[in-house]
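Asker: Read off the chains here:
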Amino acid sequence: MKPVHGLAWLASVAALAAVAAAPAAAQKTQLTVYTALETDQLKAYQEGFNKAHPDIEITWVRDSTGIITAKILAEKAAPKADVIMGVAATSMGLFDAEGLLLPYAPAGLARVAAQYRDPKNPPAWVGMDVWGATVCFNTVEAAKRNIPKPETWKDLTKPAYKGQIVMPHPASSGTGFFDVTAWLQLFGEAEGWKFMDGLHENIAQYMHSGSRPCAAAAAGEYVVGISFEYRANREKARGAPIELVFPKEGLGWDLEASGIVKTTQKLDAAKKLLDWSISDAAMALYANNFAIVAVPAMSKPLPNVPADYASRLVKNDFAWAAKNRERILAEWSKRYESKAAPK
Amino acid sequence: MTAEAASRPAAAPEARGVILGEWIAARGGLVLLASGLLVFLTLPLAMILMRSFEDRAGAFVGLANFVRYVQTPALAQSTWNTLTFAAIATVVVVPMAFLFAYAIQRTCIPAKGLWRSIALLPILAPSLLAAISFIYLFGNQGLLRGLLPLAGLSSIYGLPGMVLAMAFASFPHAVMILLASLSLADARLYEAADAMGTSALRRFVTVTLPSAKYGLVSAAMVTFTMAVSEFGVPKVIGGNYPVLAIDIYKQVIGQQNFQMGAVVGLVLLVPAVVAFVVDAVVQRRQKALMSARSVPYAPRPARLRDGLMLVYVVLISAYMLVVILMAAYGSVVKFWPYNLSFTFDHYRYGFEEAGVEHAYGNSLVMAALCAVLGAAITFAGAYWVEKTRGADALRPVVRLQAMLPMAVPGMVLGIGYILFFNSPANPLNVLYGTMAILVASTIVHFYSSSHLAAVTALKQLDGEFESVSASLKVPFYRTFGRVTLPVCLPTVIDIARYYFVNAMTTISAVVFLYSPKTTLASISILHMDEAGAIGPAAAMATLIVATSALVTVLSLAAEHFILRRTQAWRRAAAPA
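Protein chains in written order, with the numbering used here: chain W, 1 to 343; chain R, 1 to 576.
Watch out, some of these pointers could steer you wrong.
Said to hold, decoys possible - Computed spacing ranges between beta-carbons, pair by pair:
#1 W:Lys51 to R:Val553: 53 to 63 angstroms
#2 W:Asp197 to R:Gln286: 50 to 60 angstroms
#3 R:Leu147 to W:Arg111: 57 to 67 angstroms
#4 R:Trp80 to W:Thr29: 46 to 56 angstroms
#5 W:Ala310 to R:Val270: 19 to 29 angstroms
Said to hold, decoys possible - List time: in silico DSBU-like cross-link candidates among lysine-lysine, alpha-carbon distance up to 30 angstroms:
#6 R:Lys517 to W:Lys76
#7 W:Lys262 to R:Lys517
#8 W:Lys144 to W:Lys300
#9 W:Lys120 to W:Lys300
#10 W:Lys43 to R:Lys459
#11 W:Lys71 to R:Lys517
#12 R:Lys459 to W:Lys51
#13 W:Lys271 to W:Lys323
#14 W:Lys262 to W:Lys28
Simulated from the structure, these hints should not be mistaken for laboratory data. All residues carry an ideal CB built from backbone N, CA and C; glycine is no exception.
All chains should be modelled from the sequences, with the hints used to inform the complete structure.
Answerer: Encoded structure:
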């Protein structure tokens with residue numbers, strides 16, 4: 001063994017560290033896209049986009065709606081995202097109010113239904129699809145415990161469901177947030193909070209994604225998981241003994257929507273992604289996952305989702321929800337998070 | 001390679017230049033280490049303190065954030081929860097580990113090496129694995145959930161699951177300390193006790209326990225600190241039992257409220273630092289148990305005791321194995337609990353649909369970099385501190401900084417890194433979001449134990465080597481390369497392995513620092529669990545255990561080989 005020279009050794013350590021720090025050389029256009037889409041959806045969407053634009057490489061920054069929203073707002077002085085895709089319209093409203101979005105009319109915008117896009121012209125954001133509240137009800141576990149199938153939201157406050165319901169945390173999850181705003185709009189503020197007080201008595205856990213409550217119900221951990229139709233259908237297709245329940249009073253919902261971040265240095269690539277996001281090819285992919293897509297002609301029926309799904313959605317005032325987001329979440333946290341852990 | 005080689009006189013003409021170079025290198029190394037620790041440890045921590053006094057816009061607001069913290073009932077509640085959790089975990093783990101170490105060191109049970117290896121297995125696993133396994137075992141569809149009511153519990157989620165998972169994750173750390181503290185005992189004390197007809201119980205209380213008390217304090221403090229700073233376990237199985245580590249995550253990631261995150265970080269730092277100081281003070285009072293006249297104690301067979309202890313040791317080993325095997329089983333079951341047929345789907349899902357192969361690759365790269373760079377920096381650093389001369393004012397500062405990471409929870413280090421490196425004013429800002437920052441944070445996070453190991457190994461070498469080299473005008477780095485490093489090579493490999501395994505399993509600091517391109521396998525477990533994909537989460541956890549185990553076996557084999565090749569002196573050494 002040769003004697004190791006201290007300084008030479010140090011130099012090689014430094015060189016190694018420098019290699020580790022050096023970013024990979026970029027050849028394709030790199031587009032940073034912030035998203036709240038499900039991990040298992042991203043792959044198909046990315047492949048679809050790259051079929052049309054192989055020269056653009058998407059780097060997804062994925063997290064749940066609440067986290068991605070907070071991240072975008074926190075970075076508003078120096079945004080890192082080029083495009084925001086598949087984030088709740090209520091959050092897009094917030095970004096637009098902060099002046100973060102660059103209005104752009106993607107090619108073929110006329111095909112998008114008026115209620116599924118930002119009404120301004122050109123729009124700050126355009127919708128992809130509707131995702132809405134769905135209750136996953138585990139029939140096997142329910143039978144064991146003699147728990148009846150719920151038909152309405154109010155059913156869920158009955159003592160039979162005590163400790164058997166899981167729902168998403170509204171601050172983390174877009175699904176959780178539209179549940180809460182839907183109840184407030186359906187029942188009115190006072191009644192809505194009273195309903196949630198009752199529901200809280202039966203909730204076993206508030207979970208941090210819209211998917212996990214359904215996954216928990218699918219695995220029989222709990223009988224009722226308040227979730228959304230995509231995850232419910234996925235779990236059912238995997239063989240979970242669940243039934244999809246659409247409570248009668250009406251279903252909370254939001255749009256997965258996309259927009260360009262004003263500060264992007266890659267405007268051309270960003271525009272291409274927005275154009276693709278409402279193309280027929282993209283809509284066909286969304287239609288595999290959701291019953292209602294932004295271009296009505298491209299919607300197709302989804303197994304386990306009723307044909308009149310659209311008419312079951314509540315009248316959702318996005319502007320109201322966006323404006324009151326912080327207040328609603330603070331009130332929710334005060335009521336249900338400051339209590340010592342139930343049970 | 002031997003002492004004679006090092007003491008060969010250097011050529012006279014180059015001596016002056018060599019001495020100057022040596023002067024610079026010795027001090028330069030120390031300055032480099034001190035500034036490295038300053039930039040990657042002390043300044044990020046100082047940033048937390050600064051930010052906790054600022055509002056979101058960066059204006060100084062005094063104690064306003066702290067006042068808000070105290071007034072937010074949910075946050076105050078988790079402080080109490082954290083202390084309760086850590087206290088219960090300590091009370092459970094320390095006696096459990098003590099009895100285990102006692103069985104290994106002080107009884108005549110068979111197959112001690114096997115039990116010891118099994119007890120150390122949890123080191124190879126991310127703590128998330130234990131939480132996932134306990135959901136499979138005791139969740140509402142758990143294999144053994146029928147046992148829960150027997151223990152008076154209605155649900156595994158919350159405190160019960162957290163304590164059980166912690167008993168797995170922190171067990172080897174407590175057991176290692178207690179194995180060491182029970183390894184030596186003065187047989188004369190036991191003979192005296194026996195001669196006086198002391199009962200076994202009294203002998204245990206008056207002789208055995210006092211001799212192990214420093215180890216017990218250390219084990220308690222280590223367990224307590226681990227539980228206080230644990231993030232993965234409460235995240236997965238904590239249910240509605242919020243703790244501080246979760247609060248930091250929610251504040252920083254969920255709400256991007258860095259100021260409040262800094263406040264919670266400081267609150268979390270308090271119990272960890274208190275435990276660290278208590279331990280340091282107690283250890284300082286430790287005196288040598290063994291003197292020149294001591295006779296090493298060797299246990300004699302005692303049928304009943306050995307039999308009972310063997311049963312206990314087997315039970316504990318079963319606990320560790322069941323946790324690991326449960327996760328492995330969960331990862332190949334098609335649809336828990338309704339379809340128990342065998343499948344590799346969860347591995348496929350993880351790799352293909354969730355794009356985890358990328359994360360796994362990143363983890364391997366990061367762990368390898370941590371092992372190589374960490375071992376090099378730690379060993380060179382310890383050498384500079386212990387074996388070179390000059391710049392004496394810096395030494396205590398470096399020593400203190402080297403021990404600091406032990407008292408700093410990973411979550412706190414992570415938020416310090418965000419605040420420090422993500423600041424646009426910092427020229428080191430380029431590191432943010434790179435692999436380099438993950439490597440740096442992980443090395444710093446696990447620096448203290450590695451540093452201690454290196455110092456211990458170096459102290460075994462007589463200082464005479466350096467004095468003789470100096471008087472013969474052999475530059476210090478030649479002594480280092482020819483004597484010090486070869487002699488300490490087994491320790492260097494140990495340190496590299498320690499960094500590798502911890503880099504594979506850690507989440508606490510890196511969960512704040514990964515970027516989409518540098519996401520890690522351990523973090524992907526967290527994300528898959530969050531999305532409800534518990535099978536794939538179990539698959540990734542199992543893969544991490546398998547990888548760590550493979551690397552451990554390989555490195556032990558390498559060590560064995562090197563010991564045989566280069567450490568012949570250990571066997572041939574003549575009595576001094």
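Asker: Check whether the Cα positions of Lys144 of chain W and Lys300 of chain W lie no farther apart than 30 angstroms.
Answerer: 36 angstroms, violated
Asker: Given the hinted pair Lys517 of chain R and Lys76 of chain W, is their Cα-Cα distance within 30 angstroms?
Answerer: 22 angstroms, holds
Asker: Need the status of pair Lys271 of chain W, Lys323 of chain W: alpha-carbon distance at most 30 angstroms?
Answerer: 28 angstroms, holds
Asker: In this structure, is the beta-carbon distance linking Asp197 of chain W and Gln286 of chain R contained in 50 to 60 angstroms?
Answerer: 56 angstroms, holds
Asker: So the hint says 46 to 56 angstroms: do the beta-carbon atoms of Trp80 of chain R and Thr29 of chain W match that?
Answerer: 52 angstroms, holds
Asker: Check whether the Cα positions of Lys71 of chain W and Lys517 of chain R lie no farther apart than 30 angstroms.
Answerer: This hinted pair holds, its Cα atoms lying about 17 angstroms apart.
Asker: Take the C-beta atom of Ala310 of chain W and the C-beta atom of Val270 of chain R, compute their distance, and say whether it sits inside 19 to 29 angstroms.
Answerer: 54 angstroms, violated
Asker: With a cut-off of 30 angstroms on the C-alpha distance, tell me whether Lys43 of chain W and Lys459 of chain R pass.
Answerer: With a Cα-Cα distance of about 55 angstroms, the restraint between Lys43 of chain W and Lys459 of chain R is violated, given a limit of 30 angstroms.
Asker: Decide if the proposed pair is consistent with the structure: Lys459 of chain R and Lys51 of chain W, CA atoms, cutoff 30 angstroms inclusive.
Answerer: At roughly 63 angstroms apart (the allowed maximum being 30 angstroms), Lys51 of chain W and Lys459 of chain R break the hint.
Asker: Hinted pair, alpha-carbon criterion (30 angstroms max): Lys120 of chain W, Lys300 of chain W. Please report holds or violated.
Answerer: Holds: Lys120 of chain W and Lys300 of chain W sit about 28 angstroms apart, inside 30 angstroms.
Asker: Is the straight-line distance between the alpha-carbon of Lys262 of chain W and that of Lys28 of chain W 30 angstroms or less?
Answerer: 21 angstroms, holds
Asker: Do the alpha carbons of Lys262 of chain W and Lys517 of chain R lie within 30 angstroms of each other, as the hint requires?
Answerer: Given pair Lys262 of chain W, Lys517 of chain R holds - Cα atoms ~23 angstroms apart, limit 30 angstroms.
In the structure shown, a violation is registered for the earlier hints numbered 1, 5, 8, 10 and 12, in ascending order.
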